[in-house]
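Turn these sequences into a full structure, and let the hints steer you where they fit.
Number of protein chains: 2
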Amino acid sequence: MKAGESAVNPKSTLTPGLYLVATPIGNLEDITLRAVRVLKEADQIACEDTRQTQKLLNHYGISSRTVSYHEHNERTRAPELVLDLEGGDRIALVTDAGMPGISDPGFRLISLAIRHHIQVVPIP
Amino acid sequence: MKAGESAVNPKSTLTPGLYLVATPIGNLEDITLRAVRVLKEADQIACEDTRQTQKLLNHYGISSRTVSYHEHNERTRAPELVLDLEGGDRIALVTDAGMPGISDPGFRLISLAIRHHIQVVPIP
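If you read the sequences in order, they're chains A and B. With this note's numbering as the guide, the letters of the first sequence map in order to residues 1153 to 1276. With this note's numbering as the guide, the letters of the second sequence map in order to residues 1153 to 1276.
You may find that some hints are simply not true.
Copies of the same chain look alike in the list, so a pair counts if it works inside one copy or between any two.
In silico SDA-like cross-links for lysine to any residue, where the CA-CA straight-line distance does not exceed 20 Å [as the list claims (entries may be wrong)]:
| id | residue 1 | residue 2 |
| --- | --- | --- |
| 1 | 1192 | 1167 |
| 2 | 1207 | 1231 |
| 3 | 1192 | 1228 |
| 4 | 1207 | 1185 |
If you're looking for bench data, these hints aren't it; they were derived computationally from the structure. Keep in mind the model is a prediction, meaning the values are calculated, not measured.
Right, here's the structure in full:
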C-alpha cells in the first residue's frame, strides 16, 4: 500500500490520530494494558526497527501492520504518515525501547502532525 | 492475622521480598502487565489508602489481602511488615497513584527492609 491508501481497521475503538506508545526497556512485561490495546487497534505501527518491534508484537499476538520510520527515511516517511493520518488512520509510533520522542526521529513526525492539526496522544 | 503469622500464597511465583509497584495516575489502563501480576501474586498489599487501592484491585479482579501503611501508622507498621518479609512474605507496596517511595511514607519501610537484607524490587 502507498501513503493515502491505508486500510483503516474497522474494529478499532481508537479515534484517529498519532499515538506515542511507550515500550519495555528490558522486561517484556513492562508495558501497560493501554499500550498493548493501542498497538492491537492501530492501523499502522511506525517503528524505529521493525524487526525489534516485531519481537514485542509476536509476544503479545499483535498483528497490526508495521512500517519503518527512522533517521534514514524520516524526511520522506513523515509526510506519507501524515497523509494517512489525515485520511483517518490510527498510527502508533514506537521506538526500540522506551517513550518515543526523546532523542529519536519522532520529533519530525510529531511536529508535522501537530502542524496538520492531527490529534497526538502519549500512551505511557 | 498478626505480624509474623502471615499465610504465604502457595501459588505465587514471586521470590520473597518487597515490591514497589507503580499504579495508574489517571487512566486505570495505565498499569503494566508485570505490576498486575505482582499485585495478584503478593501475599499482602501495603496501601496508602486501602479503599483507594481496592478500586484498582476490583477492576482487575485481584483478591490479595490489603493492609494500610501510611504516615499515621508507619512507625509501628513498618517493623511488622519487615517481620512478615523475614518470614518469607511477598509484599507489594503501593500508593494512591504513581511510584511508591517518592514523597510518601514508603521511605521508612524501604530503608528498614534494606537494613534487614530483604530483596527490594521496583516494578514500573
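Cross-check of the supplied hints:
| no. | hint | verdict |
| --- | --- | --- |
| 1 | 1192 <-> 1167 | within (14 Å within a copy, 32 Å between copies) |
| 2 | 1207 <-> 1231 | neither (27 Å within a copy, 43 Å between copies) |
| 3 | 1192 <-> 1228 | neither (26 Å within a copy, 46 Å between copies) |
| 4 | 1207 <-> 1185 | both (17 Å within a copy, 17 Å between copies) |
Hint compliance for this structure: hints 2 and 3 are broken, all remaining hints hold.
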